[in-house]
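S.K.: Sequence:
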Amino acid sequence: MKKVIHIVGARPNFMKVAPIHKAIAARTPLQQLVMHTGQHYDAKMSDVFFADLGMAAPDIHLGIGSGSHAEQTAKMMVEMEKIFLKEKPDLVSVVGDVNSTIAAALVTSKLAIPLSHVEAGLRSFERHMPEEINRVVTDRLSDLLLTPSRDADANLLKEGIDPKRIHLVGNVMIDSLLSSKEKADQLPTLKQLGLTPRTYVVATLHRPSNVDNPKLLAGLLSTLIHVAKKVPVVFPVHPRTRKMIAEQGLAAELEKTPSLKLVDPMGYLEFLSLTSQAQLVMTDSGGLQEETTALNVPCLTLREETERPVTVEVGTNEVVGTDPTRIREAADRILAGDVKKGRVPELWDGRTGERIADLYARVLGVETKRAFG
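Residue numbers are given in the working numbering: position 48 of the sequence shown equals residue 48, and the series is strictly consecutive.
Hints are not guaranteed to be accurate.
[What the hints assert, rightly or not] Computed beta-carbon distance windows for the label pairs:
hint, residue 1, residue 2, range
1, G63, P258, 25 to 33 Å
2, D185, D349, 18 to 26 Å
3, A251, V366, 50 to 58 Å
4, K3, A252, 41 to 49 Å
5, K230, P163, 47 to 55 Å
6, V78, V339, 44 to 52 Å
7, P258, R198, 39 to 47 Å
8, G249, K3, 33 to 41 Å
9, A112, E159, 21 to 29 Å
10, R198, I83, 44 to 52 Å
11, S109, V263, 17 to 25 Å
12, V78, E255, 22 to 30 Å
Don't read these hints as lab results, they were simulated from the structure. Ideal Cβ positions, reconstructed from N, Cα and C, are used throughout, including at glycine.
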């Protein structure tokens, strides 16, 4: 039996792998294993996502934990090599742009194991971002490049990638969103937080380029305080961000604004119930740019660039950078009702997992149990 190993490491990976795993199980005779590297190891950042997405516990857990980029990636590579040599997969499937992704790409290339990169071709064109390096290197080493949008295809073609390796499949994370939304809508999240639909803002900050810079972090938090003086702001605080807030002595200032609600990281369904009913989302997350576009919720991206331009060109996203004045002006405009209109991009239809399952079956030479359609 042909074998596929899926690599996950951080919470955005789980939403992308779940629909692929489900579709392969339903449509093909392929054997599947899920390897969790443990890059995100906090239960609130990891375990709860498997439960929310209806996934069984990972078949393999490396338990790598934290460390510098080099330490973390190196530890993953050592352990992955052992597993790949033992399991002899016919295909390794990676998603996104985290250290787990590039670690698998490097190991499979050395062992001559075919590699598929789901969410290939995304580019911010900012080499100072670790994620950008991970994307570029993984794409160069991948045998199959599965793209979420046509701009990603164009990026790969400009880089000289063989068109035969590029497959436009759509956005697999939207599969998870659409299949989970009804269940998320039934949760009492808003009631528990004392909120009503479309009258609050959701904020997230986690990128090192934002939270590890004390001046930048202070400025971004000041914009949340500004917005919270007008409407409630719910701020699920990433462990890295909470640590930096404490180290920089910024917690006391945040506590002066009761309507700025700092909460622990949420599970997938709980967070979806919150974002889907928000008036505005302010974030530095790539995945949230996509989800808000699919949900038709206004989004302000607190970065100078995005690797997901389709969310700006087609969707509800606006890239406003990190200047506090510019962010406040954009937020005030949206809260006053001046909202950008968007639409859902091509193939963000909830069936990307099925397209990927059928592609893997064809590539590995197995028959699908039922045809796509």
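S.K.: Decide, hint by hint, whether the structure agrees.
M.R.: Cross-check of the supplied hints:
1. G63 x P258: 25 to 33 Å: At roughly 39 Å between Cβ atoms, P258 and G63 fall outside 25 to 33 Å, so the hint is violated.
2. D185 x D349: 18 to 26 Å: holds (20 Å)
3. A251 x V366: 50 to 58 Å: Given a distance of about 55 Å, which is inside 50 to 58 Å, the answer is holds.
4. K3 x A252: 41 to 49 Å: violated (54 Å)
5. K230 x P163: 47 to 55 Å: holds (49 Å)
6. V78 x V339: 44 to 52 Å: holds (49 Å)
7. P258 x R198: 39 to 47 Å: Given range 39 to 47 Å: violated, Cβ gap about 21 Å.
8. G249 x K3: 33 to 41 Å: violated (52 Å)
9. A112 x E159: 21 to 29 Å: For A112 and E159 the Cβ distance comes to about 22 Å; the hint holds.
10. R198 x I83: 44 to 52 Å: holds (47 Å)
11. S109 x V263: 17 to 25 Å: violated (41 Å)
12. V78 x E255: 22 to 30 Å: Once the Cβ atoms are compared, 43 Å apart, the range 22 to 30 Å for E255 and V78 is violated.
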